[in-house]
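Participant: Could you build all of it, start to finish, from the sequences and the hints given here?
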Amino acid sequence: VSRGTQNTLLLLVGLSTVMMVIKGTYLHFVRPALLPWLIAAAVVLIALAVASIVRDLRQQSAEDSDSGEGHRHRPWLVWLLLVPIALTTFVVPPALGAHGVTPTAVATSEPARRAFPPLPSGRAPTVSIPDTVMRAAADSTNSLGGRLITVTGFTLKYPDSTDLGRVVIICCAADAQLARIRLSGPAVAEAAGYPEDTWLQVEGTVDPKTSVAATNFVPTMAVSRVTRIDKPANTYAY
Amino acid sequence: MEVLLASLIALALSAGAMSAFVADNADVGVAATVFCGVFVQALPFLVLGVVVSGLIAAFVSADRLARWLPRRPAVAVAVAGVGGAALPGCECGSVPVARRLFGEGVSGAAALTFMLSAPAINPVVLVATAVAFPGQPAMVLARCVASLITAVTMGLLWLRWGRTEWVTKRLPTPHDTDASRWTVFTEAARHDFLQAASYLVLGAAAAAVLRVAVPPWIFQHLAGHLVLGVLTMALFAVVLALCSEADAFVAASLTMLPLLPRLVFLVVGPAVDVKLSAMQAGMFGRPFAIRFGPATFVVATVVATIVGLVLVGGGR
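Just so you know, the sequences run in chain order A and B.
Residue numbers for the first sequence follow my numbering, beginning at 1 and rising by one.
Residue numbers for the second sequence follow my numbering, beginning at 1001 and rising by one.
Hint data in this document are derived by calculation from the structure and do not stem from the laboratory.
Treat the hints with care, as some may be off.
[Said to hold, decoys possible] Label-pair distances were calculated between CB atoms; the ranges are:
| hint | chain 1 | residue 1 | chain 2 | residue 2 | range |
| --- | --- | --- | --- | --- | --- |
| 1 | A | Leu35 | B | Leu1231 | 33 to 43 Å |
| 2 | A | Pro118 | B | Arg1160 | 52 to 62 Å |
| 3 | A | Pro75 | B | Val1227 | 36 to 46 Å |
[Said to hold, decoys possible] If you want the ones that stay clear, here's a sample from chain B, every Cβ over 12 Å from chain A, calculated:
| hint | residue |
| --- | --- |
| 4 | Val1034 |
| 5 | Gly1162 |
| 6 | Glu1165 |
[Stated by the list, open to error] Not everything, but these chain B residues come out facing chain A in the computed CB check (under 7 Å):
| hint | residue |
| --- | --- |
| 7 | Met1001 |
| 8 | Arg1190 |
| 9 | Val1201 |
The C-beta atom is built at its ideal place from N, Cα and C for all residues, glycine as well.
Facilitator: Shown next as structure tokens:
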């Protein structure tokens, strides 16, 4: 593997990171907070590659040192860098859906009860599904009790029920988990009528008493209104 | 160079077909996304790591490092373990840094101890653990203590039995000794990145395949078996290859298990997993990696179990 090829691969890793940032596809893989770090990493990689390329062009002896010390063992391994370049720039696998996500609740088994901040005011404030699950399981102020809220997620069809789910990531797609709430109440038939993985905005009240170990801390929501929506650009919740 | 250009053109032309293939095969899609997740998440930390290792190459000679370390080997290793708290980040960055610090004798043991302790006991990871386990400060303390003991134990084991000839990968030495600091820095950072990143690809691929191949229900059946639970969670830490800043949240969500197996998961994960072993094989050499990985696994599992029994108890 010549130094020229190595430098080009280094440059391409940096450029593919820039592409991910510009096109926003990095959100399929990691959380938004990593953005400044990704930009910094791309800048460093591109600078390193450019510095090496410039130095090799200046030193006419670059051809002689092609073997590149330290790479005598399995030099072809550097070619593996084409895999992430190809996947992140050309293929761009989709964000994780319900398939392939560990089906565990986000809440802990004996959740330590603590006071959550009050819900936003308004008739039916928007609450994320993981936040709803946490509040139902561990909120000592019972902020969900009797309150109409709006949640957004995709449908999960089970033999005896329909759930609304959201994939939660903490750092990257490797630690993705599924947060879900069970739908019931007057408008559940409409939600159940949609096929699996339909994005819905649902209005209703969650009964925190349904979040117990027996239900795996999946709370039940009495649904009063269901609206079908387009799949959002960023499908993860955090 | 021509091969590279040809591959890139081939990739660009087949991108549509590959995207369709990934979209049609759910498992392939999950594996590809998990692979990208592990790689993209590790990339900034790896870059930070190679910048630090480049700075070490440019400014810190092995002799100077040996002079900084305390004379007594055991004290030197302990200092290196505590010093790990000063590099906030996850485990990918600490491998190239440790490779640069690695030297003969005491400084080798100190570098390995630093490599194991840095990703586990730095403030970011400990705060993440505290947030993931609210109201259970014993978990944070147990993780910190067990990881530190694991790192120091491995350093002392290396002092006693480690052999420098296992480290087959040599770092490039500058052609001319009068090379500028900037040249030394860029060459070291460039070399370390290429080496570590290509092995990171292997490790991330292994983690992605295992993620799809290992059925997730396995560990739901382990609630009642403490020994089986500990062993399974230790193995899970190896195959899942999670970032040490995220693993606490995953451990917190495995509610069907007692605290002890989850603590083992948190101590083993940052010390040894498939992507780390791949990167160690890349930076240190295969004879090193096949000895160091299993030894770390055993030490981390045993230490975490003992510390866990004392600090968080065996039951729920």
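Participant: Please check whether the beta-carbon of Glu1165(B) is more than 12 Å away from every beta-carbon in chain A.
Facilitator: The claim holds: Glu1165(B) sits with its nearest Cβ about 15 Å from chain A, beyond 12 Å.
Participant: Find the nearest Cβ of chain A to the Cβ of Val1034(B) and say whether that gap is larger than 12 Å.
Facilitator: About 5 Å separates Val1034(B) from the closest Cβ of chain A, which leaves it inside 12 Å; violated.
Participant: Using the C-beta atoms of Pro118(A) and Arg1160(B), is the stated range 52 to 62 Å upheld?
Facilitator: 59 Å, holds
Participant: Do the numbers back the hint for Met1001(B), that is, is its least Cβ distance to chain A under 7 Å?
Facilitator: 5 Å, holds
Participant: Should the interface hint for Arg1190(B) be scored as holding, given a Cβ-Cβ cut-off of 7 Å against chain A?
Facilitator: At 5 Å from the nearest chain A Cβ, Arg1190(B) passes the 7 Å test, so the hint holds.
Participant: Can Val1201(B) be said to touch chain A, with a Cβ gap under 7 Å?
Facilitator: Where the cut-off is 7 Å and the nearest Cβ of chain A is about 4 Å from Val1201(B), the hint holds.
Participant: Do Leu35(A) and Leu1231(B) keep their Cβ atoms within the hinted range of 33 to 43 Å?
Facilitator: With Cβ atoms ~39 Å apart, the hint holds.
Participant: I want to verify a distance hint. Is the separation of the beta carbons of Pro75(A) and Val1227(B) within 36 to 46 Å?
Facilitator: Given about 44 Å between the Cβ atoms, the range holds.
Participant: Does Gly1162(B) sit more than 12 Å from chain A, CB to CB?
Facilitator: At about 20 Å from chain A, Gly1162(B) clears the 12 Å cut-off, so the statement holds.
Of the hints listed earlier, the one the structure fails to meet is number 4.
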